[in-house]
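*Asks:* Spelled out from the first residue to the last, the chains are:
Protein chains: 2
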Amino acid sequence: MLKNQESYVLLLTGLSGAGKTTIATALQKQLLQKGRSSVLLDGDEIRNIIQLHAFDEASRKAHNLRIAKMASLFEAQGNIVIISLIAPYADVRSQMRKLCNNFYEIYLNTSIETCMERDPKGLYKKALSGEINNFTGVSAPYEIPENPELSLDTAILSIDQCTDKVLSLVFYSYE
Amino acid sequence: MLKNQESYVLLLTGLSGAGKTTIATALQKQLLQKGRSSVLLDGDEIRNIIQLHAFDEASRKAHNLRIAKMASLFEAQGNIVIISLIAPYADVRSQMRKLCNNFYEIYLNTSIETCMERDPKGLYKKALSGEINNFTGVSAPYEIPENPELSLDTAILSIDQCTDKVLSLVFYSYE
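Protein chains in written order, with my numbering: chain A, 954 to 1128; chain B, 954 to 1128.
Some clues are possibly wrong.
If chains are identical, the list can't say which one is meant, so a pair holds when it fits in one copy or spans any two.
For lysine-lysine, the following DSS-like pairs were computed, each having C-alpha atoms within a straight-line distance of at most 30 Å [what the hints assert, rightly or not]:
hint : residue 1 : residue 2
1    : 1022      : 1074
2    : 1014      : 987
3    : 1051      : 982
4    : 1051      : 1079
5    : 1079      : 1118
6    : 1078      : 987
7    : 1014      : 982
8    : 1079      : 982
9    : 1051      : 1078
10   : 1079      : 987
11   : 1014      : 1051
12   : 1078      : 1014
If you're looking for bench data, these hints aren't it; they were derived computationally from the structure.
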């Protein structure tokens, strides 16, 4: 059983198109069905709100740490926090983990070929043509998580299978 | 009864020292005791995270609207959101209300004399000596809410009395 006042942070990390927002939204819906609201910090949405749109390495790292600080704040207030964020740098993910109390790194290890085929926002096309720079997987690195709590390939697993695995992870930890 | 999946935004507005953070924290604790987590967006904390520290009129308005956009996002996700923020401009509070779905404006109408006596952060002293500028109530305006859902004078009411009044307001709306 999920107790009412447990709080933790779930980081969904992976390439653009890996399914982070889809899985995050599905998780949030399932948690609501279990009677728990959660806070979803989506990298793109927070960028839009705070109007910081630089994508160089330093700006991305700062963006990721800002989101981790928000997550830490809301976690300490008793919330379940879901972060959907490319979070391409291993050292930053490690710092994010340290900022939080109960932190789960969930790596959406969908191949770049699948992500490029999906290309939901047309961004890979623009990155490959050079129209946009610093694009993860094309012109900027994605450092693969070495010890994530969970890896999910959304090319193989259904959305329900993914959310079940995440929720099993969290429930098990609190049994 | 408070149902599990209802979401709304409570804005605690008032002068520095009026008791916004104190009441917000107490509210959050009481909601947790009722089995509901909530998201507290404290103006100072969010400024610290996003590192935007200008206090001129335009910067303050932008800051307040950013917080309202976050509140709206988290409310739409099914959360109870508490905002503790001076929010001195009536037109901005009105815009904040429009951004949210269920919005409650709670005015902490504690007198400036009481706030100056409390001066928990020593800011009135600095504002009166001219060490800091654009300080609400001293060198910047606070436009009194004309039709708040609730007014609370924290010089007269205890913390418990204040939180009871806020929770009655919310419970009543959902009975």
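*Asks:* Each of the hints needs a verdict: does it hold here or not?
*Replies:* Cross-check of the supplied hints:
{"no.": "1", "hint": "1022 / 1074", "result": "both (28 Å within a copy, 23 Å between copies)"}
{"no.": "2", "hint": "1014 / 987", "result": "neither (34 Å within a copy, 38 Å between copies)"}
{"no.": "3", "hint": "1051 / 982", "result": "both (27 Å within a copy, 25 Å between copies)"}
{"no.": "4", "hint": "1051 / 1079", "result": "neither (35 Å within a copy, 36 Å between copies)"}
{"no.": "5", "hint": "1079 / 1118", "result": "neither (33 Å within a copy, 54 Å between copies)"}
{"no.": "6", "hint": "1078 / 987", "result": "neither (39 Å within a copy, 50 Å between copies)"}
{"no.": "7", "hint": "1014 / 982", "result": "within (29 Å within a copy, 33 Å between copies)"}
{"no.": "8", "hint": "1079 / 982", "result": "neither (32 Å within a copy, 48 Å between copies)"}
{"no.": "9", "hint": "1051 / 1078", "result": "neither (35 Å within a copy, 37 Å between copies)"}
{"no.": "10", "hint": "1079 / 987", "result": "neither (40 Å within a copy, 50 Å between copies)"}
{"no.": "11", "hint": "1014 / 1051", "result": "within (15 Å within a copy, 33 Å between copies)"}
{"no.": "12", "hint": "1078 / 1014", "result": "within (24 Å within a copy, 38 Å between copies)"}
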